[in-house]
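Novice: Sequence:
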Amino acid sequence: MTQRRRYKNPPIEEALCEFRFEPSQEWDLTIPGRLHVQLSKDYSGKPQQQKFVDVSLDAQKGKPPKLSYGEGLAKVQLFTEDGKRIIAVGQDVLSIHMLRPYQDPQRPDHSGWDEFQDRIKQALDVYWNEVQPKGVLWVSIRYINKIVIPEEEVMVASYLKCALPEVKGLPDHHNSFFSRVGYVYDDEVQLVLSQRSIDSPPPNQVEFLLDIDVIWANTEPVKKDEALAKAVDLRNREREAFEAVITNKARELFDADDN
21 MTQRRRYKNP
31 PIEEALCEFR
41 FEPSQEWDLT
51 IPGRLHVQLS
61 KDYSGKPQQQ
71 KFVDVSLDAQ
81 KGKPPKLSYG
91 EGLAKVQLFT
101 EDGKRIIAVG
111 QDVLSIHMLR
121 PYQDPQRPDH
131 SGWDEFQDRI
141 KQALDVYWNE
151 VQPKGVLWVS
161 IRYINKIVIP
171 EEEVMVASYL
181 KCALPEVKGL
191 PDHHNSFFSR
201 VGYVYDDEVQ
211 LVLSQRSIDS
221 PPPNQVEFLL
231 DIDVIWANTE
241 PVKKDEALAK
251 AVDLRNRERE
261 AFEAVITNKA
271 RELFDADDN
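Sequential numbering of the sequence shown, starting at 21, is according to this note's numbering.
Rather than coming from a laboratory, the hints here were simulated on the basis of the structure.
Honestly, I wouldn't trust all of these hints.
What the hints assert, rightly or not - Beta-carbon label-pair distances, calculated as ranges: (1) Lys141 to Asp192: 43 to 49 Å; (2) Asp219 to Gly189: 21 to 27 Å; (3) Asn268 to Val187: 23 to 29 Å; (4) Pro125 to Pro170: 17 to 23 Å; (5) Asp253 to Gly202: 14 to 20 Å; (6) Gln45 to His130: 37 to 43 Å; (7) Gln152 to Leu190: 56 to 62 Å; (8) Asp129 to His193: 38 to 44 Å; (9) Asp138 to Glu246: 14 to 20 Å; (10) Lys243 to Asp129: 31 to 37 Å; (11) Val187 to Asp207: 34 to 40 Å; (12) Gly189 to Pro221: 26 to 32 Å; (13) Glu272 to Glu186: 18 to 24 Å; (14) Gly202 to Arg26: 25 to 31 Å.
The structure presented is a predicted model; accordingly, all values stated were derived computationally and were not measured.
Note that the Cβ used here is the ideal one computed from N, Cα and C, for glycine as well.
I would like the entire structure built from these sequences, with the hints used as guidance.
Specialist: Rendered as structure tokens:
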């Protein structure tokens, strides 16, 4: 396991954990309100409704699992007062989000993952008590990193080992890129690694996203404690993947003083 490392300026733009539950009864429209009552002390912002992209995993015996994307059901979002921490709830789905800053500046002794893990457990506990689901079929941990380099032109490979390779006969520098690769662990956990450039960054600055999504899915539901353990395992895999694809030059960037 990769040693846990904390950066002065982690590039995390958003971290999210999603649980999908075994389908049960018809969606109860009172559930978001009931959750908000239970969580109002920590999520005092005004709830909002929003549609999300739906990601599903088609896992058939004897065949490699496949991810598919489509329009998802609407979720109700519960916000902290500053809008930086979010719980989203929909029919048989619950997600917990941490927006930048991932590390709470008011709690320097408490890592971002420490806070995230506490919020994941809190949200799942409240959901379980209110909804009493049959079990969890899907757990995912996703970290979206925004890498900002204060230069007009850079070689992405200097920062990411997974950067697109140079091709002889093409220019050395490109002004936009996108790639998405899916990996499968021996236990059929999926890792989706995406990277893309950000259009129209500020002058003399290059920005791109590194998106790591680790997914466990099964046809047999698991109970709450096992689902939480899955989330921790997926986070460990995400951390290992992140450290595997960044270079020492990127680490220096993340540890630079924030001016």
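Novice: Should the hint that Gly202 and Arg26 are 25 to 31 Å apart at their CB atoms be regarded as holding?
Specialist: 29 Å, holds
Novice: Falls inside 34 to 40 Å, the C-beta gap from Val187 to Asp207?
Specialist: The hinted range 34 to 40 Å holds for Val187 and Asp207, with Cβ atoms some 35 Å apart.
Novice: Quick check on a hinted range of 56 to 62 Å for Gln152 and Leu190, using CB atoms only.
Specialist: 57 Å, holds
Novice: Falls inside 31 to 37 Å, the C-beta gap from Lys243 to Asp129?
Specialist: 32 Å, holds
Novice: Is the gap between the beta carbons of Asn268 and Val187 within 23 to 29 Å?
Specialist: This hint holds: roughly 25 Å between Cβ atoms.
Novice: 18 to 24 Å was suggested as the range; check whether the CB atoms of Glu272 and Glu186 agree with it.
Specialist: Given about 23 Å between the Cβ atoms, the range holds.
Novice: Against the range 26 to 32 Å, how does the distance between the Cβ atoms of Gly189 and Pro221 compare: consistent or not?
Specialist: Since the Cβ atoms of Gly189 and Pro221 sit about 28 Å apart, the hinted range of 26 to 32 Å holds.
Novice: Mind checking the hinted window 38 to 44 Å against the Cβ distance between Asp129 and His193?
Specialist: 42 Å, holds
Novice: Within 21 to 27 Å: is that where the Cβ-Cβ distance between Asp219 and Gly189 falls?
Specialist: Taking Cβ atoms as reference, Asp219 and Gly189 lie about 26 Å apart, which means the hint holds.
Novice: Does 37 to 43 Å hold as the CB distance between Gln45 and His130, or does it fail?
Specialist: 38 Å, holds
Novice: Indicate whether the distance between the beta carbons of Lys141 and Asp192 respects the range 43 to 49 Å.
Specialist: Distance hint for Lys141, Asp192 holds at roughly 48 Å.
Novice: Is the distance from the Cβ of Asp138 to the Cβ of Glu246 consistent with 14 to 20 Å?
Specialist: 19 Å, holds
Figure legend: structure checked against the earlier numbered hints; every hint is met.
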